[in-house]
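Based on the hints, put chain B in the right spot on chain A.
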Amino acid sequence: MYVYLPIAEMSVNIVVLLAMGGAVGFLSGMFGVGGGFLMTPLLIFYNIPPAVAVATEAAQVAASSFSGTLANLRRQTVDIKLGLVLLCGGLVGSTIGVQLFRILRQSGQLDLVISILYVVFLGGIGSLMLIESLNAIRRVKKTGGGGEARKPGDHNWIHGLPLKMKFKRSRLYLSAIPVLALGALVGILASIMGVGGGFIMVPAMIYLLKVPTNVVIGTSLFQIMFVTAYTTVIQAHTNQTVDIVLGLTLIIGGVVGAQIGVRVGQKLRGEQLRALLALIVLAVCARLLIGLVLTPEELYSIQTSIGGGH
Amino acid sequence: MARLLAISFAWLCLLLPMAVAEELHIGLGRENISIGSDFNGTDLTIFGSVEDGLARFGDTQHYDVVVELLGPSEMSEVRLKERVLGIWVNTQGRRVQAAPGSYSVSTTRPLDDVANDVTFRGLGIGLPSVPIAIENSDEEFRAAFKRLKLDKGLYVQNVGAIGFLTPVLFKARVEIPANVPIGDHIVRGYLFKDGALLDTATTEFSVSKSGFEAFTYNAAQNYGLYYGLVCVALAMFAGWLASVIFRKK
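One line per chain: the protein sequences are A and B, in this order.
Note that the numbering used here has the first sequence beginning at 1, numbered continuously upward.
Note that the numbering used here has the second sequence beginning at 1, numbered continuously upward.
Looking at chain B on its own, in the form it has when it is part of the complex:
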């Protein structure tokens, strides 16, 4: 009997750490955001759970969750104006080879409280570590790029936006701005406890123009000539209609 107990205790000791290895799961309120004629920004609900096998023993853990939203990578150019002969002229430019078109990071608490700087920099989490590949790795232009993106509301930090509903269930509402880039967005979740990363999870959603907006945009991009002809025809028709309506009066 004692032998049996000893064996089962040994098994328990082996099993427990496995059961405690926490797993993070995240999901989204919707997988597709469509931009219609009345689109002026929207909200995205992110929810998730932590599976730790401890909750059922009534042992409450204090987890921290960080969720990043990365917009489709974009190429662009950052330009600097200088005064030339009294007027402000774009004189210098640095190409941005790749940078997320939008970036938001939501957290349960301020990043400093979740883990230390080094951890976040190593993982590339947070506004200071957004991956921006810029010509000559020019720090001044990189900082300007980030500042402009912040001003446009495309790079955002939402401290405390994630709330735990139960010790293992959390939810966040992230604002999607009106100028959100079109394409596939990646959502990355990170689970922390006592400053250590326990697990990550990834999912994605897409932003696309819908209906008339999608049709118009595609036509303009892919069939510019025909699109132009239709624009002129519509404009001319409107002009003709106006002359007919107002001649009779």
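For reference, chain A alone in the conformation it holds in the complex:
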């Protein structure tokens, strides 16, 4: 069954799209991740123009992080003040990112930059996750459970920066500078890579900002929701590359997949889950890397309507 995507201007099999949305949704539900970093490369492998894939993915991440944020707000696991400061940085980052996106697209380097960013981030995060989870599995086998204890009140250079603010919910007294910078970085990634950026945000909040783990997920989802929503609007305005038909199809597949994923995920052990996710991430990374390194069958390419139709 084929459906015509009005913005991507191509005919695609809707069953394949729903299955892709469902599979990535399943993984994101199982592992508690956004899934944008898997969905965008998959769309590109399926020949959706990278510009459309990235911009449309922002809308899908907005949808999935919205339902996640609602759940966290009900559980009161969101530090709204911290989220808003992150958001300020995020909006600036996203605005810069969309302009970078436009410039890269005009100069014909967008696809390359998207692939390189994915290889670097997926490779880095995937390797770290794999090492960490393998160590955890080994530790569990040795000691029979129990994680490492973290010292409270750990301080690093970040806590020496000026412009300090109080974040009551997180019980933190912290400079606004690293928070804004983190928000901005994630904003840029959201607009160029079509991801929520949770895979950067969550570790950075835990290890750099020392945000208590119980509010990390909720707060990052809160920020991601607004940044991706904003990114969607700006992408639509600047680059005209948001495909609503593609977006909604992926959302429907993703929502159903995520619910199944959550149930399966509860039955598996944390370390094993993380190791599995790490392997998936590395596989996608390898596939993209091969695409960059292997001699392409066709060295030439055509880009029509330079500048997004205007």
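Treat the hints as calculated values from the structure; they're not laboratory data.
Every residue gets a Cβ at the ideal spot worked out from N, C-alpha and C, and that includes glycine.
There's no promise every hint is true.
Claimed, not checked - To give a feel for the contact side, a few chain A residues facing chain B, derived at Cβ under 7 Å: (1) 62; (2) 108; (3) 112; (4) 251; (5) 255; (6) 304.
What the hints assert, rightly or not - So these bits of chain B aren't anywhere near chain A, every CB distance computed over 12 Å: (7) 45; (8) 206; (9) 225.
Only chain B this time, still in chain A's reference frame:
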């Protein structure tokens, strides 16, 4: 009486060549192709007739017909990848100032049999003569452009696609691919006999998005900001709906 006969014979001699001056007429199965949500390519029927005033005398001529379909002219850029530090990077580009977005040529017989190369090149007919205005008239990039268009099924040659139903009536079915460019397409017909061009005819059809697809595309192009806001609202609504549906279970 003999005088009268001589005069009428002279008249006939004058009239006959005029009656033999063949005329080509072409028409299309439809003037508008609309792209809806289930569009995955379609067929276009082209039909036509040759008026030669001879058929009624039972004298069958062997005509050849060539029909070109030219899509709306497009600007684009052809890029070449080269290996830089181990990875493949677009390093060179040539602007294509104007080229038909799609091009198909259908014929009764192989072009070589219809007329010679020089004739076709002079008329700009056939894949080798598609008018592609490229920066620096770079032949390598022009060839690459054509090859890519062929691979995408946008440039096509349909040898033998035109068939004569009667000595003067012909019909062709041309495939319109799913990725056909939006806009006005020109159809040009050429009538040949014994390698010589006798007449040409031109008509056109348009390809447009219809209904929801047209609405969405126009909204995205002309009202990007509002379109973006609606997309986010729909996405958020879907997210909220999901959280409500699955919370109750």
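List of violated hint numbers, smallest to largest: 9
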